[in-house]
Amino acid sequence: ANPVATPINSTNYIVIVTGTNSCTATDSINIMIRPDPVFTISPDDTTCNNKTVQLNASGGDVYLWSPASMVSNANIANPSTNTNTNTTYTVLIKNTACNISAALNTSLTVLPAPVINALKLNDVSCSVASTELSATGANEYSWSPAGSLDNYTSPHPLATPTTTTLYTVTGLDFVTNCAATDTVTVFVNKGGASSFFVPSAFSPNGDGLNDCFKVKHFGYLKSVDISIYNRFGNMVFHTTNVDDCWNGTYKGKKSDMGNYVYYIKAEDNCEAYIKKGNLVLVR
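Each residue of the sequence shown is one higher than the one before, starting from 3 at the first, in this note's numbering.
Don't read these hints as lab results, they were simulated from the structure. You may find that some hints are simply not true.
To be verified - Estimated spans, in silico, between C-beta atoms of each pair:
#1 N86 with N58: 14 to 24 Å
#2 D47 with V6: 41 to 51 Å
#3 N107 with E134: 46 to 56 Å
What the hints assert, rightly or not - Computed cross-link-like contacts, DMTMM-like style, restricted to lysine to aspartate or glutamate with a CA-CA straight-line distance of at most 20 Å:
#4 K122 with D184
#5 K53 with E142
#6 K267 with D246
#7 K278 with D246
#8 K192 with D245
#9 K218 with D184
#10 K218 with D245
#11 K224 with D209
#12 K255 with D209
#13 K216 with E269
#14 K53 with D175
#15 K216 with D258
Where is the CB? At the ideal position from N, CA and C, for every residue including glycine.
Please work from the sequences and hints to get the whole structure.
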């Protein structure tokens with residue numbers, strides 16, 4: 003009535019029962035053979051420094067990963083890991099239905115991330131409307147936020163922010179296919195008047211020192227207008243070029259020593275400015 007069956011394949015058993023009255027009846031039972039579990043582990047691969055990678059194992063219903071401190075959860079089939087060193091991971095897999103276990107290994111080889119350096123040429127003010135950013139250390143770049151840049155994929159984009167902005171650049175190394183980031187802040191200060199220095203005296207005597215009256219330093223200007231007058235009210239010098247200077251002559255002749263008056267009008271990205279004062283010519 004209770005034989006022991008040891009099938010090697012899934013088998014349907016039929017039993018015929020004969021009673022004391024010689025009557026018979028039948029019944030059946032199907033014995034399914036579970037296939038042997040196939041245990042797997044992955045990936046056995048390379049990764050980038052400090053990049054999150056998902057490990058995967060299969061074939062069981064109980065898992066135990068080691069080193070446990072380097073995975074997100076040592077008791078699941080697919081924990082994640084983040085490492086900056088070459089690491090070998092081991093997982094103990096158990097199939098409780100068949101009471102079969104196995105230990106499998108996988109390794110991650112860590113490639114170095116590029117070292118990205120982000121720099122700026124200057125900050126932004128009323129006189130300096132933009133700045134050049136620069137990035138080094140990779141083959142391909144992407145800057146953000148991109149709205150105030152002329153080319154967000156350039157290693158040297160021109161930035162024209164209206165408020166203080168933190169720029170982040172991501173650089174990709176073509177050899178390792180690894181990426182890294184760096185940041186640079188461009189400060190925007192448009193609260194004050196444009197500052198420039200006007201000398202109070204100059205000496206056009208040909209000694210190579212202070213021979214030419216020149217305004218220093220406007221920076222970026224939309225327009226400039228500089229006029230110099232003698233004591234008689236005659237205009238002895240006029241220019242709309244900030245790089246021009248007065249050499250102390252008027253109509254091809256040396257001007258007299260003494261006091262002169264300058265009048266400067268300039269306009270930058272914020273507003274227009276007027277500056278006037280006295281200039282002494284000495285020889």
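So, going through the hints one by one against the coordinates:
1. The given range of 14 to 24 Å is respected by N86 and N58, whose C-beta atoms sit roughly 21 Å from each other.
2. Taken as a hint, the range 41 to 51 Å holds for the pair D47 and V6, whose Cβ atoms sit roughly 48 Å apart.
3. Restraint check, N107 to E134: a C-beta distance of roughly 50 Å satisfies the suggested window 46 to 56 Å.
4. For the suggested pair K122 and D184, the alpha carbons sit about 12 Å apart, so the restraint of at most 20 Å is met.
5. For the hint pairing K53 with E142, the CA-to-CA distance comes to about 19 Å; that is within 20 Å, so the pair holds.
6. Distance check on the hinted pair: K267 and D246 sit about 15 Å apart at the alpha-carbon level, within 20 Å; holds.
7. Our distance criterion of 20 Å between C-alpha atoms is met by K278 and D246, whose separation comes to about 17 Å.
8. Straight-line distance between C-alpha atoms of K192 and D245 comes to about 24 Å, which puts the hinted pair past the 20 Å bound.
9. Our distance criterion of 20 Å between C-alpha atoms is broken by K218 and D184, whose separation comes to about 35 Å.
10. Under the criterion of a C-alpha separation no larger than 20 Å, the hint pairing K218 with D245 is consistent with the structure, at around 9 Å.
11. For a cut-off of 20 Å, the pair hint linking K224 to D209 is broken: about 34 Å separates their Cα positions.
12. With a C-alpha separation of about 18 Å, the suggested pairing of K255 with D209 holds against the 20 Å cut-off.
13. Among the hinted pairs, K216 with E269 is consistent with the structure: their alpha-carbon atoms are about 18 Å apart, no more than 20 Å.
14. Taking the CA atoms of K53 and D175, the gap is about 14 Å. The hint holds against a cut of 20 Å.
15. Between K216 and D258, the direct Cα distance comes to roughly 18 Å. Compliance with the 20 Å bound is thereby established for this hinted pair.
Checked against the numbered hints given earlier, this structure breaks hints 8, 9, 11; the rest are met.
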